[in-house]
Each structure stands twice: as C-alpha cells, then as structure tokens.
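> As a plain string of letters, each chain reads:
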Amino acid sequence: MRTSESSTTTIAKGGGIAAPLTTLLGKYWPKDWRGDRLTAFLVLLPSIIAVAIFVYGFILWTFRVSFTNWSGWTATYDFVGLENWKQLFLNDERWLIDLRNLVEYAVVFMTLCIVMGFLMAALLNQRVKGESFFRTVFVFPFAVSGIVTGVTWRWLMYPPAGINLIFHYLGLDFLQNKWYAASYGTMAVALAGAWQFTGYVMALYLAGLRGINAELLEAAQIDGAGTWNLYRNVIIPMLSPVTFTAIVLTGMGSIRVFDLVVAISGSGAGYTTDTMAFYMFQSIFQTSRFALGGTIAAFMVVLSAFLVGPYLMSMRREVE
Amino acid sequence: MDSRKPISRRSFIKAAALGAASTALLAACGSTTGGSKASGKLEIFSWWTSGGEVEALNGLYNVFKSKYPNIEIVNSAIAGGTSSGGDMKAVLQTRMMGGDPPESFQVHLGGELIDPYLVNNLMEPVDFIYDSEGFRKVFPKGVIDVATYKGHLYAVPVNIHRANVLWYNTKMLADVGVQPPATWEDFITVAEKFKAKGLPALAVAENAPGFYGQVTETMIIQYLGADKFMNLFNGGTSWSEPAIKQGLTMALKVLDYANKDYLSTAWGDVNDLMIGQKVAMMVQGDWTPGVFWSKGFKDFGWADAPGCKDIYQALSDSFGLPKKVKNRDAAIAWLKVCGSKEGQDAFNPAKGSIPARTDADVSKYSDYQKWAMKQWTTNKIIPSIVHGSAAKLSFMTDYMNIINQLAAKKTDVDTTFANLQKAAANANFGK
Numbered sequence: 001m002r003t004s005e006s007s008t009t010t011i012a013k014g015g016g017i018a019a020p021l022t023t024l025l026g027k028y029w030p031k032d033w034r035g036d037r038l039t040a041f042l043v044l045l046p047s048i049i050a051v052a053i054f055v056y057g058f059i060l061w062t063f064r065v066s067f068t069n070w071s072g073w074t075a076t077y078d079f080v081g082l083e084n085w086k087q088l089f090l091n092d093e094r095w096l097i098d099l100r101n102l103v104e105y106a107v108v109f110m111t112l113c114i115v116m117g118f119l120m121a122a123l124l125n126q127r128v129k130g131e132s133f134f135r136t137v138f139v140f141p142f143a144v145s146g147i148v149t150g151v152t153w154r155w156l157m158y159p160p161a162g163i164n165l166i167f168h169y170l171g172l173d174f175l176q177n178k179w180y181a182a183s184y185g186t187m188a189v190a191l192a193g194a195w196q197f198t199g200y201v202m203a204l205y206l207a208g209l210r211g212i213n214a215e216l217l218e219a220a221q222i223d224g225a226g227t228w229n230l231y232r233n234v235i236i237p238m239l240s241p242v243t244f245t246a247i248v249l250t251g252m253g254s255i256r257v258f259d260l261v262v263a264i265s266g267s268g269a270g271y272t273t274d275t276m277a278f279y280m281f282q283s284i285f286q287t288s289r290f291a292l293g294g295t296i297a298a299f300m301v302v303l304s305a306f307l308v309g310p311y312l313m314s315m316r317r318e319v320e
Numbered sequence: 321m322d323s324r325k326p327i328s329r330r331s332f333i334k335a336a337a338l339g340a341a342s343t344a345l346l347a348a349c350g351s352t353t354g355g356s357k358a359s360g361k362l363e364i365f366s367w368w369t370s371g372g373e374v375e376a377l378n379g380l381y382n383v384f385k386s387k388y389p390n391i392e393i394v395n396s397a398i399a400g401g402t403s404s405g406g407d408m409k410a411v412l413q414t415r416m417m418g419g420d421p422p423e424s425f426q427v428h429l430g431g432e433l434i435d436p437y438l439v440n441n442l443m444e445p446v447d448f449i450y451d452s453e454g455f456r457k458v459f460p461k462g463v464i465d466v467a468t469y470k471g472h473l474y475a476v477p478v479n480i481h482r483a484n485v486l487w488y489n490t491k492m493l494a495d496v497g498v499q500p501p502a503t504w505e506d507f508i509t510v511a512e513k514f515k516a517k518g519l520p521a522l523a524v525a526e527n528a529p530g531f532y533g534q535v536t537e538t539m540i541i542q543y544l545g546a547d548k549f550m551n552l553f554n555g556g557t558s559w560s561e562p563a564i565k566q567g568l569t570m571a572l573k574v575l576d577y578a579n580k581d582y583l584s585t586a587w588g589d590v591n592d593l594m595i596g597q598k599v600a601m602m603v604q605g606d607w608t609p610g611v612f613w614s615k616g617f618k619d620f621g622w623a624d625a626p627g628c629k630d631i632y633q634a635l636s637d638s639f640g641l642p643k644k645v646k647n648r649d650a651a652i653a654w655l656k657v658c659g660s661k662e663g664q665d666a667f668n669p670a671k672g673s674i675p676a677r678t679d680a681d682v683s684k685y686s687d688y689q690k691w692a693m694k695q696w697t698t699n700k701i702i703p704s705i706v707h708g709s710a711a712k713l714s715f716m717t718d719y720m721n722i723i724n725q726l727a728a729k730k731t732d733v734d735t736t737f738a739n740l741q742k743a744a745a746n747a748n749f750g751k
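Chains A and B, in that order, give the protein sequences.
Mapped onto my numbering, the consecutive letters of the first sequence carry residue numbers 1 to 320.
Mapped onto my numbering, the consecutive letters of the second sequence carry residue numbers 321 to 751.
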C-alpha cells in the first residue's frame, strides 16, 4: 500500500516513478542515470531478470551439464572435464554424420532461400499487376508451422506418390528420386525448409529494394548502366546489409532444424536425415543421456554464436 | 505479521475443525475406494491412437464408465509410443520428472517400467490390488514375476502381445509350393524360390530404426537359444557370444531377399506389401491380424518366427500407480478394471492380443488368438528388446539404431557386433 501511495505522489510532482530512488541517494546517484533513462531501466528490469535467468542462466547450466556425467533420471553433477566433448567429436559416428548433414542442409537451404528470395523480390519490385496478391502468396508459407510444412512435404516427397507421381504423369520418369529416403535425404528436407523460409527472405529484400533511392538508380541509368550492371554494381552492393541478415537468419535456421525432420523422416535410414537437434532430443528424452544432450546443445550455442557475434558487431557499427 | 502472533483460541479451533474435516474426508474416500461413489477426473496416458487400438481402449473405457459413472476419463493418448519420435514417452517423462503424473499410463512390463520409473522410486506398489481382486490366482506366474520388482508388484497387465510371429500370404506360399520356414536357413531356401520368380520373400521397413531390429532379434534367438538370450539382460550372457555374430551375419544375408526399397519403406506400409502380393512373408508382432481384418484381407497364415519354435517373445501392456497422483481412488479403480475379466475381454478381441488372465472367455476370440492362447500356456516366455520388455529405453534405442545402420550400409558385421557390445557395456546389464 505504502509504496503505491508514494509513487503516485512523486509522479504528481513530475519526477517519474524512479524519483524516490534518486532523491534518496541524492548526489551519490550518477547524473546520467536520472529521469527517463532510469525509468526505462526500471521498466525493463523484469524482462532483464527473466531473460538473465531463463535464457542465459539456462545456457550456462547447459554448459555445466556438458561437463558432467549425468545419465539417467537422477541428476549427477560429477565433473568429467571434456570427456563428453571428446566422446562426441572423436568417437561418435552419428555425430560426424550429423555435422555432414548440417553442411548439406545449410548449403541447399541458404542458397535456395537467398537466391530465390532475391529473385522473387526483384521481380515483384517491377510494379507488376496484383503485386500484393503475389506478395501474400510468397510470404504465406512462413506463417505455416514447421510441423505442418513437414507433414505436407513428407507426403509430397513420399517416394511412391506425390511429386514422383506427377513426374510420372508428365512423362518425366527420369526425374523421379527417393527424396528424403535417399542417401542425400537431408537436402530434400532442406527443400521443404526453403519452401517455408524463402518468402520471408523475399520480404527482407523487397523492403531493402524499396529503400533504395530512385534518383540513384536513375543516375546510374543515365550514366549508361544496363540492367545487369545496375544489379551487379549498384543494387546488390547496396543490399549487402540485407544479405548479411539473410545469411545469419538462414544459418541459424540450419543449425537448429528439428521440427521438419521430426515430421518428415526422423533420423532416417542410417542417420541420413539426422540433425544435431534431433540427436539432442533423442539423447535426453529417449535415452536419458542428459550430459550428452547438454553437450550437443552447448555446441549448437557455440556454433550460433559464431554467426550472431559478427552480425551484432556490424549492427553496432552501423548504429554508431 | 500474523504468524508471529500467538495462536488465538479461535484460529486454533478453526484449524482443528479443518483437520478433523479433512480426516473425515480422507476416511470417506478410503471407504468408497472400489465402490461406485469415486468421482473426479482420471487421466490415462497411452499411445493407442490408431484403428483397432482405439476400439480396444474404448471397450475398456466403457467397462470402466459402467462401473464408475461419476469418474470422468481424460484420454491423453499421444501417437508414436514406440516409433522413432517416441512422443508419448517424452511427454510422460516430462510429467513424471516434474511431479505431475497422470493417474495411470500405458507401459510395457519389464525394462521399460523398471528403469526409469521403479529405479527412481516414482511408483507405488499395487500388491493390495492384487490381493483384494484375487489377481495372484488369475495371472500366470511368468507375468507376475516380470511385474515384480524387489518383492513388490508394480503394474497390472491388460494384455499379452507376441512379437516373434511369421505372417505369410497363403496364396503366394502355395504358388511356390513351400511350407513356412522353421529356421532362418530354411528361410533362405524358400526365399531363393521366390527370388527365382523375381519376388522378395521378406517385408522389411527400415526408413527409420526399429523394424529390422525386431527381425534380427529372432535370428539372435535362433543361434543363442531362449535361456541365453534372456540372460543377455542380467549380465549372465556375454554380448561377445559368437552366436550373436552369427545372428548378425544372417541378418545381413536375409536383406538380399527383402523388398528392394526397404530403406524408404515405413513400418505402416508392410501390411499393404503383403496384401498386394508384393512380398510373401513378414516377421511382426500380433497386432498384425487386426490390421489385416480392417483391410478385409483373409489370405494370411501364421507360424512361429523362424528359429523360434516354442519360444514366445512376449510384451505386455500394463498400467501402474504413480506416486503423487491427484486422484488416487480413481487410479486404483482403473487398475481394478484393467485386471478384471470383463475389462480384459472388452479390450483384447479388438486389439488382437490375448488377455493376461488365464480365465478369459475363449469364445470371444479369433482363430489366431485361440492359437496364441494355447502357445502362451506351453511355450517358453522371453522378453523383447525392440518392444521395451527386455532392457531399458536407452539400450533399446541404441540397439535399433545399430541394426538400422547395418541395414542402411549393408557392410560390416564386425562393426555392428562391436557397437552392440559397446551399447551393452553402457547399459550396465546385471549391475
């Protein structure tokens, strides 16, 4: 009761809700931490605490688990050093296949998303008729959940049916293949992922294209730049921050892919469509190997940090 | 503030009255246990979500509802109990670890129940239900032994499934003029005849781990024998036995007689392969006839899986009593229905399994089930790895993954053999 009363009065005085603190500490309180700034900090504080505990705290805890021997339902925190990491990278065939799958997935997924996303944005930017219709159609898959995408593509790429059947009716039997059941199954999963995410990348590029000053493009055209040169030397370089964002987002998407494989094929035959996240899930929820699962999760965090770190630094540079 | 005050007379009386009331309430609950006055909600976890399974579960629910009309059943069935996703088990694990168990849940008797739930002391013994309902007299000793852990009973079985059955298309076998093979060597001879006609002899679905692991078990059983096989899981038999390698070698060889696209075939597809006369035989559990019936297919026969004469690889769906349940009375009532003759005869005919009770009404069951009931009383009963009755979940997953690798790569028996030994060492059998 008392606190709310006092804060009402201070607000009436015009000092903001942080005023009691600053008055109390008087001149010892740092000067630039008054007024709006302090209020902003106090308003943000609950989220900061929640994020500190539930995001960063648990990340640290996961790292801790990765250095223990916890296996089974009862937690044991006996320190074993780098044993789990060594086991994973030197002695685990499945893990090495997962790393190979990551590369396969990332190459197909990132290339498709960025190239197709850019092409679609460039075409839409030609002021075509029914632009908003196409824009909605392209972005729509992004609104669909990963599980739904996965289930849909599972049947589309189901070897005896779906796309293979269409190929058959079109007389294109030579194009038939086993999709996710093949030894390159991860790439088929990446195809489904790209279908879902390309629209989003297109939206990024479209916003970028709209942000380019028209006078600049006219100037380039007057200087005699053809369409190819216009894109090659003006537009694409100007969109490099967008490309960078797209690389980070699709890269992160490649590292954490889980829902798609669960819905499409699981770990596949001989781990052909296994991913790091799926291995982590199985380690923790099916075999109760929490230390192993923690190690995989920790490695995924490290890998993501390599992507996000440079991105944040470049953002900061831009702001400054 | 209040807590520092000395307890006033008034609040003391209030507390005392509350205490007395709750005791009375508890007593009342106790007296209605097993009666029709139990009420509230009853949440049941299972992975029974398809065709005959749902029918069977609803049969059991109906018996329960007629006996306990005041209890509301919350059916938390989640698909994928034994498949690669294992979704139901994952959700259940989270609920159990978080101290929020459902009133009861489906679990295979044996390793799947003992580790994790019993080792971690999450279940309450149900000896008192066995005593009050006379279950000790009606369940075979083999089943009671598996349901017992450290001298106490922990689950009530509703059914018995058999995992090692050979199903065959009678027309196709008659066309070639062969009998169902008794051993895996016989199988090769028979399979050669089908190969000559350009047909695969055995259905295999290994697009994800599991199916062929189950087939490979029967090969290991053939060379190892039932007793040594059982002792694999208590440390009595070494995993470096040459007989296991013999089984794996056979597993690799038999793949030559499987449907060519077995790496892209899913577990659910194999029944259609046999119905469509695309493969002649398959080794599968006895949930198979239910699927055949639902598809109107009648030209099938059955026999012991090759190498498994008079060996009954059993798994039993059972229900137990978790600690800390919200409605213990309802849970106990549920377990009583699960073990009752009425409950089992409502559940099993549709499920395709046989009742765990020995006094069931035989006339309600199909020809296959009658055959299985007879086998059940005379055969040697052993557990299954892939179906969770032999070993804990982590070993089951490892085993299925290792055999899947063998089927996918078709290369090295030595590596597979070594990997199995590594997994067994990790599982600490017998310790």
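There could be a bad hint or two in this list.
[Stated by the list, open to error] Only part of the chain A face toward chain B is listed, based on derived beta-carbon distances under 8 Å: (1) P30; (2) R34; (3) G35; (4) P46; (5) T74; (6) S265; (7) G268; (8) G270; (9) T287; (10) S288; (11) R289; (12) F306; (13) G309; (14) Y311.
[Unchecked claim] Taking lysine-lysine pairs in the DSS-like style, the calculated list, with each CA pair at most 30 Å apart, reads: (15) B:K643 x B:K491; (16) B:K580 x A:K178; (17) A:K86 x B:K742; (18) B:K751 x B:K565; (19) B:K729 x A:K178; (20) B:K730 x A:K178; (21) B:K517 x B:K387.
Bear in mind the hints are in silico, worked out from the structure with no lab data behind them.
Glycine included, each C-beta is placed from N, C-alpha and C at the ideal position.
> If any of the earlier hints don't hold here, list their numbers in rising order.
Hints 1, 2, 3, 4, 12, 13, 14, 15, 21 are the ones this structure does not satisfy, whereas the remaining hints hold.
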